[in-house]
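Top line first, the protein sequences correspond to chains A and B. Its first residue numbered 287, the first sequence is counted upward by one per residue in our numbering. Its first residue numbered 10, the second sequence is counted upward by one per residue in our numbering.
Hints were generated in silico from the structure; no laboratory data involved. Note that this is a predicted model, so its numbers are computed, not measured. Treat the hints with care, since some could be wrong.
[To be verified] Here are the simulated lysine to aspartate or glutamate pairs, EDC-like style, with alpha carbons at most 16 Å apart:
| id | chain 1 | residue 1 | chain 2 | residue 2 |
| --- | --- | --- | --- | --- |
| 1 | A | 337 | B | 521 |
| 2 | B | 815 | A | 316 |
| 3 | B | 146 | B | 159 |
| 4 | A | 323 | B | 824 |
| 5 | B | 554 | A | 316 |
| 6 | A | 325 | B | 825 |
| 7 | B | 815 | A | 313 |
| 8 | A | 337 | B | 522 |
| 9 | B | 529 | A | 362 |
| 10 | A | 350 | A | 292 |
| 11 | A | 323 | B | 825 |
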Amino acid sequence: MQQILDQYNTVTENQVKTWFKVGSVSDFPENGGACIKYKTRQIAVYNFTRKNKWYACQNLCPHKMEMVLSRGMIGDLNSVPKVACPMHKKTFSLEDGSNLNGEDYKIAVYPVKIEKENVYIGFSD
Amino acid sequence: MKRVIVVGNGMVGYKFCEKFVAKSERENYELLVFGEEPRPAYDRVHLSEYFSGKTANDLSLATMNWYESNGIILKTSELISEINPKNKQVITYRNQVYEYDYLVLATGSSAFVPPIKGVDKKGVFVYRTIEDLEAIKSYALKIKQQGSTEAAVLGGGLLGLEAAKAVKDLGLKTHVVEFAPRLMPRQLDEGASNMLQQTIEGFDLGVHLGKQTNLIAGNGAIESMEFSDGTSLKTDILVISAGIRPRDELAVAAGLKVGHRGGVEVNNRMQTSDGYIYAIGEVALYNNGIYGLVAPGYEMAEVAVEHILGGNKLMSEEIDMSTQLKLIGTEVASFGDPFIENDEVVAIVYENKLSGIYKRINVSKDKTRLLGGILVGDSSDYNTLFQLYINCMKLPENPEDLILGSRGKGGSALGSVLDLPDTAQICSCESVSKRAICCSITEGDCSSLKDVIKETKATTGCGGCKPMVVDLVNETLKSLGQEIKETICEHFAFNRQELYDLIKINKIKNYDEALNMFGKGDGCEICKPVLASVFAGIYMETANKQVTIQDSNDRFLANIQRNGTYSVVPRVPGGEITPQQLMAIGRVAEKYDLYTKITGGQRIDLFGAQLHELPLIWKELMEVGLESGHAYAKSLRTVKSCVGSTWCRYGMHESVSFAIKIENRYKGLRSPHKLKGGVSGCIRECAEARGKDFGIIAVEGGWNLYVCGNGGATPKHAILLAEQLDEETCIKYLDRFLMYYIKTAAPLMRTAPWLEKLDGGIEYLKKVIIEDSLGIAHDLETEMQGLVNKYECEWKQAIEDPEIMKRFRHFVNSDDTDDTIEFVSMREQKMPRPW
Chain A
287 MQQILDQYNT VTENQVKTWF KVGSVSDFPE NGGACIKYKT RQIAVYNFTR KNKWYACQNL
347 CPHKMEMVLS RGMIGDLNSV PKVACPMHKK TFSLEDGSNL NGEDYKIAVY PVKIEKENVY
407 IGFSD
Chain B
10 MKRVIVVGNG MVGYKFCEKF VAKSERENYE LLVFGEEPRP AYDRVHLSEY FSGKTANDLS
70 LATMNWYESN GIILKTSELI SEINPKNKQV ITYRNQVYEY DYLVLATGSS AFVPPIKGVD
130 KKGVFVYRTI EDLEAIKSYA LKIKQQGSTE AAVLGGGLLG LEAAKAVKDL GLKTHVVEFA
190 PRLMPRQLDE GASNMLQQTI EGFDLGVHLG KQTNLIAGNG AIESMEFSDG TSLKTDILVI
250 SAGIRPRDEL AVAAGLKVGH RGGVEVNNRM QTSDGYIYAI GEVALYNNGI YGLVAPGYEM
310 AEVAVEHILG GNKLMSEEID MSTQLKLIGT EVASFGDPFI ENDEVVAIVY ENKLSGIYKR
370 INVSKDKTRL LGGILVGDSS DYNTLFQLYI NCMKLPENPE DLILGSRGKG GSALGSVLDL
430 PDTAQICSCE SVSKRAICCS ITEGDCSSLK DVIKETKATT GCGGCKPMVV DLVNETLKSL
490 GQEIKETICE HFAFNRQELY DLIKINKIKN YDEALNMFGK GDGCEICKPV LASVFAGIYM
550 ETANKQVTIQ DSNDRFLANI QRNGTYSVVP RVPGGEITPQ QLMAIGRVAE KYDLYTKITG
610 GQRIDLFGAQ LHELPLIWKE LMEVGLESGH AYAKSLRTVK SCVGSTWCRY GMHESVSFAI
670 KIENRYKGLR SPHKLKGGVS GCIRECAEAR GKDFGIIAVE GGWNLYVCGN GGATPKHAIL
730 LAEQLDEETC IKYLDRFLMY YIKTAAPLMR TAPWLEKLDG GIEYLKKVII EDSLGIAHDL
790 ETEMQGLVNK YECEWKQAIE DPEIMKRFRH FVNSDDTDDT IEFVSMREQK MPRPW
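Whenever a hint applies, use it, and build me the whole structure from the sequences.
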């Protein structure tokens, strides 16, 4: 399982080599998430309409290694945008991927940009 | 820099470290700890919970990290083999030598194994460490596979009974063997022991008293125990829990003074006969006694820390041996002197054989002081009684009121917890006084129970004082004019009932509007489902309406399971299903390779469906008229039924028809928690209706309606609300009851705890539902009828709407399916690969 997890590393905007088109804005639910595929990776994408921002992170919950984070509920904790895993409600910051319950698990996050109603995720490969 | 060495890393050794690092003087000291077990200290008091699913991690008191970040060197799996007091050295089993300035012995005790012939046979265990428990568990598993299922526990004391429960939970037929003529001989009198025995036997545990074991017989492995009275007991495994022996070998070898029955003698500063060596916990012999409880051990740790670092706190003269515990499904407690009997003392005893309750209090003849007591079967008065005893408080005019409980008025014999003296010790494990708890709020920064626990450490030992700490915190906050309110989360400063009213009166239609008007921030996984439930309770909207505020299961209209796949549960009202429907379910299960199981609630559960398969599966199920069973939702799950008068030779009324009618009436009804019902055709109660949120039982002259029963972790029998109703009245009352619950309960609060919190309890509920004391009965009925009329199957909605169907694709940008899901096979079906 470690191998699967190792595929996911946080990408910052200045590391982006590929802006990968994953669909149009209307393909994604408002204030919720959906999953996209990039090579062998699964990425959860969130259209956080209330914050007027988009976020992306690994779809893999690092707690039990299941591909489910895109099905989690989003919200905020003291203004930090977060997602709650549907399996056991572990919550992660969508800004830096840190666990907000004070546990060690962390997730990788990716930059998102919107151009002409199209959604792009930034990858470093 | 001076060095303190601690030998032993159990609960008391750990407490020493914790108290030590809290002192500023510690800067001048290096702290070095040796533990022989492979892991840092863990909570031995709750050891048996290891069997009921807790892990070693859950029981852990502190992590390796904790020691490191507090500058303590902890050496686990490291045995000390010798102390040399002359050179102030300890020597490890690897012959490494460490010098100390002060040495603390916290080596605890080991299980006492009586010198019985054959005690070294295979299958004989002691009950002391996590390793012991693991060994018992794996041996039990082994013998069970061979068809051997008899177990015995030697020792009917505190720990013995706990061990018995643990062994029973492993699925073995268990017997308790005790040498004394009664159970828990050090805590209970004969009456209490009898009551406890009766209760324990009721749980299918054998109890054998007054038995002296002469021989453990068997060919290599244990086969039976033989007693001095000529009788014997066949058993395949034996767990010995016959008391403890202080681990004083090191001290003896080093020439320290020990008691003639063991234990290192200490003074009231915890010093042994060598002034630089201290002993604390179960290895220490203080005032001629060994104390196997956490509280005195912790106090000893504190005294030793104080004294080493220059303080002058002394150990209490008298050690309080009060204990309270939950045992094998019943409660047992004793406090003060439980047995005291002389001319100055009167014992007041209350005994109820029907409910298995025995209470005894020892009161001074002038009725002013409480000296001790025993509680079996119901220890809810323990905290109050213990405070009265420990603080020498004045008793009420009729001391018997203390144990006869709330006759009529109710209320605590103490009045308000705030009436306790400031010095009252609330948490004896951590010696936290009432003053410390209240001041942490009035003069410190604490503003919640969580803060207070963090600050004072109260409740973190045995946990018995928790209810009183909760009361103290709440009352103190109230006295400061702070409103104690359960708000939903950081986004809404209201409780569920208030939000329900706000949304209804202001005709709010969606979550964002509610958040903008009554909340702040962007919401979260706590408030979103609560509001979703409120919207459903007012407008009967299905989970398809506001998708992203639904809990994950509601969003996908199925239960997410261990590997991220889903299970599908069609509704089968009353458990009645046509052969055609059965075959359709079978076909679907076969086609999509689903693991298939009958549930406890008369449904068929189909597991292992992937997200994209859900609509395909539902399409086929709907063709034979099956609907969503809402097994994923906080809503009506099932109305279980027996066969009733249609087929059963005892059946009085038609329970199946009535169950179907009721299930169809309330199907899809969203509520604060899941709802279950049951209808039985006669008092034999085959539908187990009284374990449900509402239960209906046929009697001569109509139906009896019971409410607020729950299964689950804290099961409650439903209570009679009304008798001999006709169907129409029964439904009318149910409408009122369910609607009232939906409007007023807290999030995720089932009906039993809701009723418990309802001021006035069942009598009040009867007034509201039957006598319409609030004048809302008509409104409740109308609202319910409105919801009933609006029912729609949400799966039907989903399949007919291409926009909703988009939800069930795994990837937005690809038609691929999730290739990370793995199954393994089991009994010709499948299950997710283990975690």
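Right, here's what the structure says about each hint:
no.	hint	in the structure
1	337/A / 521/B	holds, 12 Å
2	815/B / 316/A	holds, 13 Å
3	146/B / 159/B	holds, 14 Å
4	323/A / 824/B	holds, 10 Å
5	554/B / 316/A	holds, 13 Å
6	325/A / 825/B	holds, 12 Å
7	815/B / 313/A	holds, 8 Å
8	337/A / 522/B	holds, 15 Å
9	529/B / 362/A	holds, 10 Å
10	350/A / 292/A	holds, 15 Å
11	323/A / 825/B	holds, 9 Å
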